[in-house]
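Q: This is what each chain is made of:
Number of protein chains: 2
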Amino acid sequence: MTSSLKLPADWSDLDAKAIDTARLLAADAVQKVGNGHPGTAMSLAPAAYLLFQQYLKSNPASPTWAGRDRFVLSAGHSSLTLYIQLFLAGYGLELEDLKALRTWGSRTPGHPEYGHTDGVETTTGPLGQGVGNAVGMAMAARRERGLFDPDTPTGESIFDHHIYAIASDGDLEEGVSNEASSLAATQRLGNLTLIYDQNAISIEDDVDIAFTEDVAGRYEALGWHVQTVDWTNNGTGYTEDVVALQAALDEARSVTDKPSFIALKTVIGWPAPTLRGTGKAHGAALGEEEVAATKEVLGFDPSKTFEVDPAVLEHTRSQAGERGAKLEADWQLAFEQWRTANPDRAALFDRISKRELPEGWDAELPSWDADEKGIATRKASSAVLQSFKNLPEIWGGSADLAESNNTTIEGEPSFLPSDRQTKMWSGGPFGRTLHFGVREHAMGSILNGICLHGGTRPYGGTFLIFSDYMRPPVRLAALMNLPTTYVWTHDSIGLGEDGPTHQPIEQLAALRAIPGLDVIRPADANETAVAWRTLLAQNNRPSGLALTRQNLPVFPRGTEGFAEASEAAKGGYTLIDAEGGEPDVILIATGSEVQLAVKARTQLAAEGIQARVVSMPCMEWFDAQDDAYRESVLPNSVRARVSVEAGVAEGWYRLVGDFGKTVSLDHYGASADQATLFEKFGFTPERVTAAAKESL
Amino acid sequence: MTSSLKLPADWSDLDAKAIDTARLLAADAVQKVGNGHPGTAMSLAPAAYLLFQQYLKSNPASPTWAGRDRFVLSAGHSSLTLYIQLFLAGYGLELEDLKALRTWGSRTPGHPEYGHTDGVETTTGPLGQGVGNAVGMAMAARRERGLFDPDTPTGESIFDHHIYAIASDGDLEEGVSNEASSLAATQRLGNLTLIYDQNAISIEDDVDIAFTEDVAGRYEALGWHVQTVDWTNNGTGYTEDVVALQAALDEARSVTDKPSFIALKTVIGWPAPTLRGTGKAHGAALGEEEVAATKEVLGFDPSKTFEVDPAVLEHTRSQAGERGAKLEADWQLAFEQWRTANPDRAALFDRISKRELPEGWDAELPSWDADEKGIATRKASSAVLQSFKNLPEIWGGSADLAESNNTTIEGEPSFLPSDRQTKMWSGGPFGRTLHFGVREHAMGSILNGICLHGGTRPYGGTFLIFSDYMRPPVRLAALMNLPTTYVWTHDSIGLGEDGPTHQPIEQLAALRAIPGLDVIRPADANETAVAWRTLLAQNNRPSGLALTRQNLPVFPRGTEGFAEASEAAKGGYTLIDAEGGEPDVILIATGSEVQLAVKARTQLAAEGIQARVVSMPCMEWFDAQDDAYRESVLPNSVRARVSVEAGVAEGWYRLVGDFGKTVSLDHYGASADQATLFEKFGFTPERVTAAAKESL
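The listed protein sequences correspond, in order, to chains H and Z.
Counting from 1 along the first sequence, just add 25 to a position and that's the residue number in the working numbering.
Counting from 1 along the second sequence, just add 25 to a position and that's the residue number in the working numbering.
Just so you know, these hints were derived from the structure itself, not from any lab.
All residues carry an ideal CB built from backbone N, CA and C; glycine is no exception.
Accuracy of the hints is not assured; some may be wrong.
The calculated label-pair distances, taken between Cβ atoms and stated as ranges, are [unchecked claim]: (1) 391(H) <-> 298(Z): 35 to 41 Å; (2) 373(Z) <-> 707(H): 43 to 49 Å; (3) 436(H) <-> 506(Z): 46 to 52 Å; (4) 140(Z) <-> 414(H): 47 to 53 Å.
List time: in silico BS3-like cross-link candidates among lysine-lysine, alpha-carbon distance up to 30 Å [what the hints assert, rightly or not]: (5) 595(Z) <-> 414(Z); (6) 448(Z) <-> 290(H); (7) 290(Z) <-> 124(H); (8) 290(Z) <-> 283(H); (9) 404(H) <-> 595(Z); (10) 379(Z) <-> 398(Z).
Where chain Z lies over chain H, by a calculated footprint (3+ residues, C-beta under 8 Å) [stated by the list, open to error]: (11) 132-141; (12) 399-408.
Whole structure, please, built from the sequences with the hints as guidance.
A: Structure (structure tokens):
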């Protein structure tokens with residue numbers, strides 16, 4: 026055991042040896058594969074051991090038990106910190122898994138992957154995201170508590186539990202973590218504790234070159250409860266004071282009106298004799314000599330690798346297993362009592378936990394009559410949201426654009442501590458309308474955290490252009506198969522006067538490039554309703570709605586040759602066919618440009634050219650249809666095709682083919698009213714007509 | 026004049042009237058077009074007037090004079106704050122321009138656009154970006170000072186000037202501003218002053234719902250010099266105390282070892298009688314009644330619009346004009362003295378100011394002999410950078426991945442205050458190697474600020490996957506025609522063990538979608554050198570290099586049928602042709618996949634199929650070639666084509682056409698060594714060969 030360890034009085038030598046075993050497993054695992062991040066896993070072993078053996082309300086035998094505390098390793102590169110505790114506590118990982126670190130097919134990939142390894146609550150690695158996820162989990166915990174058990178006093182409900190996260194220097198340099206942390210304080214998330222592993226080392230070594238701020242001071246200014254546990258004794262020595270950390274965690278848990286921040290000052294790679302405290306210990310194998318020397322420091326046999334004393338493993342697994350089993354059993358008892366006392370809420374809990382929508386859930390979905398003047402799809406989306414009033418699992422808001430994104434369900438309370446209510450927004454801690462502030466990036470990672478925590482269905486709105494600010498969490502939602510929904514309004518130059526900084530040009534193509542994300546751009550109000558219905562019926566994919574600021578005509582569904590809007594669920598469909606059903610040319614359009622295709626069809630008909638108009642609100646849904654359906658919409662025999670979308674052409678060549686034309690916008694927009702912009706940039710029926718003739 | 030104005034004793038009634046005129050022009054301009062942001066422009070009028078009439082070292086007649094202070098309106102939605110001062114000071118905007126606000130072809134677009142309106146130093150609107158730009162400008166000012174005049178004491182050089190920025194609540198909610206501000210303090214940017222318009226209102230009204238932190242406290246914790254100027258008198262009344270603001274600006278300028286933060290507490294929309302202090306004053310026209318009522322408050326004729334007393338305009342233009350002319354004339358005198366005393370530095374100044382590279386600048390560019398084992402393109406890029414040692418305008422660094430991105434020019438000092446040097450990094454305030462910390466987003470906006478400030482050529486590195494974190498400033502670089510360079514390494518599943526969170530799949534397609542950005546993925550070391558040479562020869566476009574972590578073979582250039590690497594400057598070229606020059610099939614590949622196409626060509630030849638291999642390092646450069654050249658590389662007659670790139674297929678259909686095949690990766694990666702990943706995901710010569718046969 027390292028001389029530096031200071032453990033609680035009731036811990037045994039086996040606990041101390043388990044901690045040192047964890048350090049050496051980290052060093053060995055990285056050494057074996059030849060790459061990875063040993064240093065943090067070594068120095069954080071005492072903290073991680075405390076959490077997984079004594080602190081977290083969790084049960085290794087039941088890693089998805091609803092009553093558990095959540096643990097987020099935002100510093101995902103230190104995946105071994107987590108894997109080794111999962112191994113020691115008995116979550117299903119074995120020594121062979123640790124030996125297979127970072128190799129094909131292993132349960133121990135380079136970064137923790139949600140859904141891949143039991144006990145991993147979120148996929149981390151891109152820095153800062155885990156902090157946002159943890160904030161989202163803490164918000165979800167409060168909302169779920171409000172749905173299922175609003176009346177029990179704080180701390181006494183079976184739905185009260187805590188979110189713990191570990192963040193590195195890098196996590197706290199990333200802006201997304203500051204965004205999320207600021208909001209966490211506004212929200213008074215007393216159920217959240219963030220441990221900051223302040224080792225002052227990143228890949229470029231000493232952080233003095235780039236990160237000299239007073240991080241704890243920043244968190245105080247943000248409004249967190251802040252403590253510092255300094256294992257470095259202000260640089261004079263090193264004491265891994267687990268007792269002090271435990272006390273800080275206790276204190277953090279006792280503060281219920283603020284999230285808690287614990288700055289834990291550590292020496293990375295401790296106790297590696299020459300590489301501790303250096304950037305070299307961060308992201309590379311230590312080298313055989315250093316690993317052996319570390320083993321000698323710890324009293325382990327330097328000639329052995331992956332050495333685990335069976336007595337240690339027996340101790341850690343029985344300790345964590347027995348503790349966890351009792352925690353869950355007690356909880357289950359209370360849970361059953363709650364179920365009996367609250368049958369309606371229990372039914373809601375069961376339904377939401379499975380992400381099942383109730384029978385007839387979409388009965389109130391609005392529909393619109395044909396209307397040439399029409400309605401903006403953002404407004405149609407708002408009407409759809411109002412129809413979900415009685416589906417409390419659907420909740421969300423905007424990154425300070427509620428009135429523009431039309432994301433508010435009228436009459437529903439804001440999700441806000443009572444003392445944060447304003448003239449415009451009333452609400453309470455269990456409210457429904459989210460206010461993210463001007464923080465698109467944190468919004469994305471918070472939505473992920475909400476989905477990871479439980480079965481609710483969160484949505485978040487901003488302008489489509491600012492999807493660029495939130496791409497990292499959108500990608501992670503897709504990677505994790507989370508059903509987040511993005512309400513991206515102001516989806517083209519049609520937003521008008523705000524100009525090129527606000528007009529999305531390349532965003533649709535760039536978003537469609539993300540595997541596993543559905544990008545949906547409805548052509549009218551009724552397609553918007555179908556879009557919401559279709560995306561909510563999915564459980565395992567994120568969806569982004571691209572909605573207009575400006576009014577769009579509502580097509581006369583089921584008459585005058587127009588197809589029913591329900592066809593939009595197939596992603597692409599014949600909105601209005603060529604006279605006679607044998608098109609000379611196919612016009613494929615999305616969103617606000619579908620109306621141009623419809624008008625061009627009439628113009629072409631006047632010249633004796635028969636055009637089919639295909640509305641393609643979602644390429645991903647269309648691609649998922651069978652060959653026969655796709656062939657029926659886009660018959661291979663019709664090579665004359667035109668795509669119409671006010672964005673870059675990239676992504677359309679696949680559908681229009683060698684003889685097709687794209688009516689697209691491959692440069693930036695300008696500041697003017699929308700009618701002028703469409704005209705000036707060539708989004709007119711005439712240009713579509715001309716392109717169709719060129720294609721023939 | 027509003028009773029609340031407290032002006033310096035030597036200001037006249039005309040100054041007071043000018044300020045009120047500015048407020049009403051803002052209200053009128055938004056009212057006329059029917060949309061826009063009047064409120065902040067009204068309440069910030071006194072502060073903006075102080076800056077443009079009395080404070081900034083600037084000359085309306087000479088808006089790009091090198092010695093000027095820079096002004097950044099990070100709160101770009103309040104473009105009128107800037108436009109109206111440019112009008113009053115005489116930068117060329119006239120009343121007609123203000124009347125044309127937010128209309129087609131005007132010089133007053135919705136958000137300020139760099140290169141479009143004289144006096145606009147950067148394009149802003151996407152919140153937070155201006156803060157990063159300002160930090161970049163302040164860094165550039167110091168670097169340029171070090172290049173041209175390193176020995177003059179601080180404050181006495183003609184290259185000493187100041188950067189001022191105005192930020193809104195929304196700017197400071199965005200994570201990018203925190204990233205940039207943290208780095209600004211580490212860098213001790215004493216030449217930077219940020220005025221925070223703390224009006225506590227954003228689009229969703231009172232920021233209490235989302236932004237309750239102690240912002241000034243946060244900036245203190247970041248390490249800034251912080252002052253508060255409270256015009257609201259702690260809520261007890263309203264005094265627009267310009268004297269106090271001026272004193273705070275003086276104090277800020279006197280602090281040279283820290284950037285300065287001035288929290289200016291204002292009431293948005295002041296003095297509009299009913300809408301001031303509300304979200305309604307932020308982003309919509311006030312309405313005719315409210316505008317008229319405001320005019321009455323200010324003693325203006327409510328029946329008139331765009332009223333500017335000729336005496337006011339005469340006063341403001343002569344005051345700003347005379348002051349500016351004198352400032353510049355004095356500077357020019359000193360500048361000429363400096364030129365005479367420093368002829369070499371003056372020559373360097375002239376060259377860099379024009380972004381001209383010296384004759385023979387690329388003479389030391391490395392080249393590599395054929396080598397099957399090869400070298401990673403990130404390492405080749407490093408060798409190229411070393412050859413730029415004597416081109417001091419080329420400078421840059423990494424977002425904490427220097428050793429991975431290979432972005433360091435050996436032996437060059439870090440750009441660091443002396444007291445921030447570490448064991449690993451020595452340097453000084455005029456150094457060359459940048460350390461951004463784990464802050465990709467701020468890195469992007471800082472690179473923009475550096476380019477906006479002067480003629481240096483900055484680069485910044487991170488992993489390609491984290492281009493997602495920095496998309497907003499990359500887009501803005503393209504929109505502003507700034508020649509930033511991004512060194513994006515670890516460009517595919519070839520990075521191996523870090524797994525799907527780190528493996529770019531869709532990033533190449535998503536970046537290629539950005540209009541005006543060149544995305545360059547070299548196939549070997551020699552293409553990497555040509556890529557750098559080509560991108561540096563461009564002055565008006567950002568470029569992103571996608572470079573490998575893993576070794577790539579160096580092709581035998583000029584022998585065995587392989588083309589010279591210099592052909593890569595055309596974006597796409599025949600690397601090795603079909604035997605006889607009449608290909609049956611064309612294999613188009615980029616980066617690490619070109620070697621697969623070369624091997625497939627041999628396999629196909631063994632079966633009697635003649636394949637041409639086209640290396641396509643940069644689609645944008647290829648598209649810029651003339652038709653004849655493109656036809657010579659990809660003859661229309663050859664329809665059998667295969668693209669090979671370890672990323673999504675989107676973007677390739679245009680080149681491979683209806684009969685082509687894409688060898689692509691349309692799902693996420695995995696954690697394993699790179700050889701296994703290429704094999705498991707089908708990036709093998711055999712798959713390319715099979716695709717070629719299918720295409721025939």
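Q: Tell me, which hint numbers fail for this structure?
A: Failing hints, ascending: 7, 9, 10, 12.
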